[in-house]
Structure formats: structure tokens, C-alpha cells
Amino acid sequence: MSDLSGQITFGHVALALCLVVVAVVVSKAQKADLETDIVVATVRSFVQLLAVGFVLEFVLSDHGAFTPAVIAVMVATATVTSANRARRVPRARWICAAALAVATTGTLGLLLVLRIIPAVPRAVIPLGSMIIANAMNTTSLVMTRLRDDLAGHRGEVEARLSLGQTATEAAAPWHRSALRTGMLPVIDNTKVVGLVALPGAMTGMLLAGASPADAIRLQLVVMYMLLAGNAFAALVAGHLTVGRLFTADHQLIRSLRRTLT
Numbered sequence: 001m002s003d004l005s006g007q008i009t010f011g012h013v014a015l016a017l018c019l020v021v022v023a024v025v026v027s028k029a030q031k032a033d034l035e036t037d038i039v040v041a042t043v044r045s046f047v048q049l050l051a052v053g054f055v056l057e058f059v060l061s062d063h064g065a066f067t068p069a070v071i072a073v074m075v076a077t078a079t080v081t082s083a084n085r086a087r088r089v090p091r092a093r094w095i096c097a098a099a100l101a102v103a104t105t106g107t108l109g110l111l112l113v114l115r116i117i118p119a120v121p122r123a124v125i126p127l128g129s130m131i132i133a134n135a136m137n138t139t140s141l142v143m144t145r146l147r148d149d150l151a152g153h154r155g156e157v158e159a160r161l162s163l164g165q166t167a168t169e170a171a172a173p174w175h176r177s178a179l180r181t182g183m184l185p186v187i188d189n190t191k192v193v194g195l196v197a198l199p200g201a202m203t204g205m206l207l208a209g210a211s212p213a214d215a216i217r218l219q220l221v222v223m224y225m226l227l228a229g230n231a232f233a234a235l236v237a238g239h240l241t242v243g244r245l246f247t248a249d250h251q252l253i254r255s256l257r258r259t260l261t
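110 is the number that this note's numbering gives to position 110 of the sequence shown; each next residue is one higher, with no gaps.
Note that these hints are calculated values from the structure, not bench results.
The structure presented is a predicted model; accordingly, all values stated were derived computationally and were not measured.
Careful, some of the hints might be misleading.
[Said to hold, decoys possible] Just the calculated beta-carbon pair ranges, DEER-fashion: (1) Leu60 / Gly11: 22 to 28 Å; (2) Gln165 / Ala29: 54 to 60 Å; (3) Arg115 / Gly209: 24 to 30 Å; (4) Ile116 / Val39: 40 to 46 Å; (5) Arg254 / Ala69: 17 to 23 Å; (6) Gly209 / Ser45: 40 to 46 Å; (7) Leu220 / Leu17: 32 to 38 Å; (8) Ala172 / Thr9: 53 to 59 Å; (9) Val120 / Gly164: 50 to 56 Å.
Using N, Cα and C, we set each Cβ at its ideal position, and we do this for glycine too.
Generate coordinates for the entire structure from the input sequences, incorporating the hints supplied.
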């Protein structure tokens, strides 16, 4: 069976730059002023992937002891990115770190304990990166949505608190809404997988020459894995965010009380 593994050279990569030129021309023609961003993104992607390639070449060559370190670096990077998006939530970096750590260790742990995947770098690192990337988006979505909703419904929240409800009880409707916001993208992707587009893991295996049956089985594992990872991240991020938006006396923190509705 023919495949593309080993057939793509740097010459082909150079030729593919014509596709980047298309994006630059469209931006220029429409006066979108994105030309610099496109060029920077292109250069960064080349440098970053080249660096990652060297690291993976080393780690995947019987240096499995470095796998936890690679996963930890990914989690740390995702934590900073997610926290920057949710910077209006107090102690956002710690919340993001906890949510991503639980999502990654919990999901990978289940995959390994159930022996769905082997405990080798070639399986753990790629799947771990998928979990982290998706959990990163879910975490920031849940945190920002919850913070904005509580600020926007400040009066209603304070009314619920005045009736004797705890912070958790008063925030419950908006907590649920934030969880839905964080979880729905991966749920929708799972619903339409294979109908709208062939997902990444499946496409990669097909390009590498795997049979469609093998590619489908792996993709199913990936989709179910992402559901679990996002659920872990949403659960932890939502719970910890509620804790940081209320005081120990079950009152909204000062910054939310000052927010105008």
C-alpha cells in the first residue's frame, strides 16, 4: 500500500509555500492587514515544528524516561496560554494548571490502566498533546464564561445569596451554562466525525498507509479520549473558578461587585 511517509521532502515543503502566498494575496487584496501575521505564523510554525521534531526524534528513540518531562512542558505551556485568555479570573494560572493536570493525568491514566494504549512515548506523547490542546481551550472557555456570566447577573446572584444560598448554590445556573459552553464543541465534533471532515488522527494514519479499519479504531479512541479530557478540565476549572469568584463569607469578590450590568 502506498503512503506519504518519507515522500515529503523539504523541497515539497518549499513548494507548499505557494499556498501561503495565496493567503497573503487574499489579505492584501481585501486590505485585511494580515500579511505580517501570516508570514510570522509561517516562520514560527516551521521553526517550532522543526525543533519539536528533533526533540521527538530523541525521546522516541528509546528514551522513554523523558516522556513525563515532555508532557509536563506541554501542560506548562498550555497553562500559560489558557491563563492569559482567562486573566480576569483571580489566580487564573493556578486554576488552569490544576484543570490541565487533572485532564491529562486522568485521561492518560485511564488509557494506560485499561491497556487501551501501550505505555510507550510514541503513543503517550501524541495522544497527550491532543488531550492538552483540547483541555486548554475548554478550561479558558469555562473560566471566562463563568466569570462574565456572574458579573452580568450580579444582582440575581446577590439576591440568591441574600436568601441564604451558599456561593456554590447561587452560582449553579451559570456554572452549568459555563460547563455546557466548554463541553459542546467537542460533543458537536464527536457527533459529526467522518461526516463533515476526516479528523486528524484518522487522516494521519491513512496518509501513512494504514488501513481504513485501523484508522477508524484509533480515531474512535481519540474522540472518546477527548470527551473525557474535556470533561475533567471543565469540571475542575468550573469548580475552582467559583471558589475564586466568591469570598469565604459567600459574597461576590469586590471586582465583580463593581462590574456594571
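Could you work out which of the previously given hints the structure breaks and list their numbers from low to high? Per hint list: 5, 6 violated.
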